[in-house]
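Q: With these hints in hand, go ahead and build the complete structure from the sequences.
So the chains spell out like this:
Protein chains: 4
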Amino acid sequence: VRRAAVHRFTLPDPGDVSSLSASIANGAVDPHSIVAVIGKTHGNGLVNDYTRGYLAQSLAFLIGGTTGVPPDTVRKRVPFIFSGGVEGVLSPHYTVFTVSKCESAGPSKGLAIGVAFTPDLRPEDIGRQRQIELTADAVRQAIATAMIADVADVHFVQVKGPAFSQTDIVASLGRGATVATDNPGKLMAYGRAASALGVGKALGEIPAEKAVADAVLRDFSLYSSVASVSAGVEVGCNEVVVIGLSKDWGGDLTIGHAPMADALDLSAIHPMLRALGFSDGHQLAVGESGRIKAGFVKCEAARDGLIRNRPHTMLNDGDIDQQRHIRGAVGAIVASILGDTALFVSGGAEHQGPDGGGLVSLIVERSGEA
Amino acid sequence: VRRAAVHRFTLPDPGDVSSLSASIANGAVDPHSIVAVIGKTHGNGLVNDYTRGYLAQSLAFLIGGTTGVPPDTVRKRVPFIFSGGVEGVLSPHYTVFTVSKCESAGPSKGLAIGVAFTPDLRPEDIGRQRQIELTADAVRQAIATAMIADVADVHFVQVKGPAFSQTDIVASLGRGATVATDNPGKLMAYGRAASALGVGKALGEIPAEKAVADAVLRDFSLYSSVASVSAGVEVGCNEVVVIGLSKDWGGDLTIGHAPMADALDLSAIHPMLRALGFSDGHQLAVGESGRIKAGFVKCEAARDGLIRNRPHTMLNDGDIDQQRHIRGAVGAIVASILGDTALFVSGGAEHQGPDGGGLVSLIVERSGEA
Amino acid sequence: VRRAAVHRFTLPDPGDVSSLSASIANGAVDPHSIVAVIGKTHGNGLVNDYTRGYLAQSLAFLIGGTTGVPPDTVRKRVPFIFSGGVEGVLSPHYTVFTVSKCESAGPSKGLAIGVAFTPDLRPEDIGRQRQIELTADAVRQAIATAMIADVADVHFVQVKGPAFSQTDIVASLGRGATVATDNPGKLMAYGRAASALGVGKALGEIPAEKAVADAVLRDFSLYSSVASVSAGVEVGCNEVVVIGLSKDWGGDLTIGHAPMADALDLSAIHPMLRALGFSDGHQLAVGESGRIKAGFVKCEAARDGLIRNRPHTMLNDGDIDQQRHIRGAVGAIVASILGDTALFVSGGAEHQGPDGGGLVSLIVERSGEA
Amino acid sequence: VRRAAVHRFTLPDPGDVSSLSASIANGAVDPHSIVAVIGKTHGNGLVNDYTRGYLAQSLAFLIGGTTGVPPDTVRKRVPFIFSGGVEGVLSPHYTVFTVSKCESAGPSKGLAIGVAFTPDLRPEDIGRQRQIELTADAVRQAIATAMIADVADVHFVQVKGPAFSQTDIVASLGRGATVATDNPGKLMAYGRAASALGVGKALGEIPAEKAVADAVLRDFSLYSSVASVSAGVEVGCNEVVVIGLSKDWGGDLTIGHAPMADALDLSAIHPMLRALGFSDGHQLAVGESGRIKAGFVKCEAARDGLIRNRPHTMLNDGDIDQQRHIRGAVGAIVASILGDTALFVSGGAEHQGPDGGGLVSLIVERSGEA
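Chains as they are written, first to last, in our numbering: chain A, 62 to 431; chain B, 62 to 431; chain C, 62 to 431; chain D, 62 to 431.
Just to be clear, a hint being listed does not mean it is correct.
[Claimed, not checked] Calculated cross-link-like contacts (lysine-lysine; reagent style BS3-like; alpha-carbon spacing at most 27 Å): (1) 247/B / 247/D; (2) 137/C / 354/C; (3) 308/C / 354/C; (4) 137/A / 354/A; (5) 247/A / 247/C; (6) 308/A / 162/A.
[Said to hold, decoys possible] Taking CB as the label site, the calculated pair distances span: (7) 236/D / 93/A: 33 to 41 Å; (8) 137/B / 280/A: 50 to 58 Å; (9) 297/C / 340/D: 52 to 60 Å; (10) 89/A / 91/D: 51 to 59 Å; (11) 270/A / 129/D: 53 to 61 Å.
[Said to hold, decoys possible] Partial list, derived from the structure: chain B residues whose beta carbon lies under 7 Å from chain C: (12) 76; (13) 103; (14) 109; (15) 111; (16) 112; (17) 118; (18) 281; (19) 317; (20) 320; (21) 380.
Hints were generated in silico from the structure; no laboratory data involved.
Backbone N, C-alpha and C fix where the C-beta goes; we use that ideal spot for every residue, glycine too.
A: Structure representation (structure tokens):
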């Protein structure tokens, strides 16, 4: 029987992983047991965000140095999934997932985690059927690794896929390939969308015959309620982390999730908190807030330009990208309820949660009653 | 006996005041009765935000054209107080305040409004004692105009003061004047701060001997809980709008306010809603949300770089100004509770509410029970 | 015989047209004689740039007030063509074109100007054949008005077409229309591109059979060397200003133009200056610089990501739009040669000058020898 | 006798130092011979620019891995001086300086280089006398190391000093220290300014009695014509690189420099090019352009808001930092003359070159005649 642990560290600078280093030094974290790292870095979360790659490099050298595994090999084995953009109240951090053996499972299902990687993807694969299929395959593989018996027990699937610069795209076109778009930022959206369809297909949320390239960024009625996809120039393939519950895992952690119908959908968050055993209230009390081990949010600026029938301006803004706007807004809303600002909040929720909304997922220490 | 009415209009573009124009045309708004307009426009809310001046010009021509008063005179009589920046979920809008006669006051105190103007201010006046005193004088005058008998009945004081461009500042220096800072954005902060001290002095929130230039941007223990100050290049003096309650006013509107201790201070907002007669709940139901006539929020990025002991990055950001970050965050939090995104959310809360926090004020239709 | 005059004014603020007002007051400019205004304003030049509309409103009220023509009628008669974005060394300004009668033409052709308007365009017209054809028609009409006998004498065609916000686009889609793209910023590019093809078609620079919707943003070998197109939310149709030379016009002004092969193409600028009678030198001497009446530049970030075989990063940037980058760069280059920063520099040079480059056009006082 | 070599590499991504890696692998660069690296990275060049630290980490691991020196020791020995911000046409790159032995000096003085480090600096040292003195000491030490006999032979002094985040500043204040300003971006300016005064003092450009803390950011008549100072969070002390000419060095490289009186000062650049043996012309021909080994530019937005008597808007801009504007503008001007966009262009030229201007320095292959 295995046991997953979740260690959340503050990130003063993408080059400063001293918190994890200290935890390795004092034995709190065994670097060999690290299976994934998910983090929120200081950059803009767009094509030219290098803070994701910087943190990945920092961690690869730290983990490599403390395990004897070459840094490049670390990066091939351990998904480093970072989203840039700590707008507003959000706080830069990274969450380290470890897996160890434990004596026996508890009476409840335990937190289960599995990871997988697709083969490398090229610009011409992004937003296309190949990305959908490879992602679905990787999700299935990660579920198997996590020994999650029922897809209903999957509560969060984080995918990080590649982004490409203008130079990369031009190179693809020069090879005679066609790409979904020659706009680097837009290509990130295609990649997130196709990957989300792949997750939804693997989990049965989206019928196989509808999880097709033609639906990418077109049929927004199709979505996964647990998929969270980011893109960045620092990865070459789709890295997949599946988190859920399984009777084959022990420990005192559990996880819940909820789709958000729009940016203001508090009615999604509070029932999830109740289901996870938190007492009722507008904001978690300081004591209860400490049960939170990690929080994940996906959100987007409603494509019809309206929130509750009032216009928003996020999609017309040439100064601040829409993703930065919506992350700052929805991140603050969730933080205000949890009393915790170290959340993984990611914009670009194409096919990830309901259109115009998104999703939220929380890993928490099990309470007495939940 | 007088009666104040509050008309909130969506603003598709700072040059498009067709909503008010239609209301004037159909008799819903008598343009002669307009005493103030407070609005949230599309710009960045910083020195180079011209959307505030654009809306002011649009309104001056509309009101001038429908009343026969020259537009320049309209601008001298009617405070146009606009704050730029509709980050995140916020929606551009403007709220028109009108005053008319009414037969008799009701059993409760009615919504009361008064306006006043300081003399013109120059760059060298900003952040200085002269601005503090002139603002305090104008607040007292506006309270008198509003026939508010008790300063405890003042629930919101909106001030709009001048901002100056680099060229203006250089001209002042060329005249031999000294200015508080030669940084145009920082000078806006000085102006907000000194004006807030003036409001606090007039209301007795800040002892007269402490409301001095030396305390400006220094002693953040001094603050007003009802002052909301903006600055912009489109005004030449401090324009003051005082809103409160008075037995000499009729109508079915009321107002409340609450200081916010930090950006996540939900404990300030919900009790205020209860006091205003809203039923308990995480978010106002659609029906109740309709009682909201106008909402005002002041907020700021905590100067110590921390929110609930976790670092935020707003003060280190060279891409997005701290005010844009915090407006988007706190605006979203308040909007999520009210279910209403057309809020006046203004950053730069120096001496406006507790340090690191701010304040919220709501004008609502009186409920049966409140 | 007619005479065109060119008056360039500094613009301290889009609401401050006091320079033109003073010139009208002192008789230097007859407001009835104004046929077009081209200007560079303070905004970002993207969808949410309201400084263009603000200046248009300011001028419409000034010209309306001094001529007795209603401001709305002024805007229908006089093209107000403003481009936002004074990046780097550039200086906000507006150039007023007037036409008056004169006794007789001189020995050389005189500066000639003609304006025309297309019918209003909807989101679904942008980037489509209808926009190409209507623009070509308007250009022909403006050439006729300008009495320019030979299209080789056309040296500058400025077009300002409509931009649409997300709300407008959603409304079009709701009517069942299809639009070239649902991205507001990208739709501006489609509009510039189709309009440029229309100019090229009217002038014979692009064969009629190639000036088709399929070529828009696709076949970049097609371009006009004199077309400069901007888009903005403040106009509803394509407004066209044609400037060239004609024996039917008098006065001492002349005009030249040159295509720029890339952003660093000094070899285009210097020969044009020589042809206009400026003496050789790296930078115009202060005395000669005074001969410049107006300068127009179109430029773009090379789509292949390279300038002289070195990568640029403009197309990957999520913080600063590519147009802001390239305007600041090419504007500075041209300003450094002319010793003049009050230039109309506009980004987004799709089909306007060679791919990856752009064009420059100068109106100057005729020298003794040119 | 020593010989300095200069290797300039393109930087596709701050984590991609494969060009240098390949040169080490093929023997073109001996990693033990590297004495300094100066580079231009993808970030914004402000406090939250992590691309500088990312490149530093990448290089430290590469050089450490190929020399056997621990990466942290590499960083203590080799100044890594990176400036963020490749606005407009600029191209990310890094220039590696190596020193090797050579048989004999040539008939001309050879390119000489020396490096030195101050002790670590804290927030309270920035902009203060301690920073001035320590920098002056380090410059003298680097000159000695470089065996430059005459300060007139110093043509470029690059300094990289520490920047501090809000958290760092708050920590200093918490220790009871006073800091020059609590604004992180402004503190970078103080650091650049004090360091430049230190350089000027060491070189005799600024009298010792005037190189005092009171003059920092106040007396802009004081400046060094060869000092170029950057600040960044990735360094802890002032790192100093002095480049000049010395009879004790061989090789075929030389260096020149020129102060720029304002942003458009072409009259500074062209004479420097002539002195370095380039033929006259508006732009270097492709053949001659190849002689350029590295170019360094310092520039700033004129504090009086004017360039050649026309207003610029850089200091009023809340969307794009003034440094990004001016780097894009002056970088483009210099690039257009050199036909080379891989230039080190750095904003914030406080006391570095004439007020409102800056400086340019070029390392080139000696021509036959120079």
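Q: Hint by hint, note whether the structure agrees.
A: Here is how each hint holds up against the structure:
1. 247/B / 247/D: Holds. Residue 247/B to residue 247/D sits at ~11 Å (cutoff 27 Å).
2. 137/C / 354/C: Cα-Cα ~26 Å, so holds.
3. 308/C / 354/C: 20 Å, holds
4. 137/A / 354/A: Since the Cα atoms of residue 137/A and residue 354/A sit roughly 26 Å apart, the hinted pair holds (cutoff 27 Å).
5. 247/A / 247/C: 11 Å, holds
6. 308/A / 162/A: Roughly 14 Å between the alpha carbons, so the hint for residue 308/A and residue 162/A holds.
7. 236/D / 93/A: 33 to 41 Å: Holds: the Cβ-Cβ distance is about 39 Å, inside 33 to 41 Å.
8. 137/B / 280/A: 50 to 58 Å: 56 Å, holds
9. 297/C / 340/D: 52 to 60 Å: Between residue 297/C and residue 340/D, where Cβ atoms are some 54 Å apart, the hint holds.
10. 89/A / 91/D: 51 to 59 Å: 42 Å, violated
11. 270/A / 129/D: 53 to 61 Å: This hint holds: roughly 59 Å between Cβ atoms.
12. 76: This hint holds: residue 76/B lies near chain C, its Cβ roughly 5 Å from the closest one there, short of 7 Å.
13. 103: 6 Å, holds
14. 109: Hint holds; residue 109/B Cβ to chain C Cβ min 6 Å, cut 7 Å.
15. 111: Status holds, d = 5 Å.
16. 112: 5 Å, holds
17. 118: 6 Å, holds
18. 281: Violated, because the Cβ-Cβ distance from residue 281/B to chain C comes to roughly 31 Å (cut-off 7 Å).
19. 317: This interface hint is violated because 33 Å lies over the 7 Å limit.
20. 320: Violated: closest Cβ of chain C sits about 33 Å from residue 320/B, beyond 7 Å.
21. 380: Where the cut-off is 7 Å and the nearest Cβ of chain C is about 5 Å from residue 380/B, the hint holds.
This entry does not satisfy hints 10, 18, 19, 20, going by the numbered hints stated previously.
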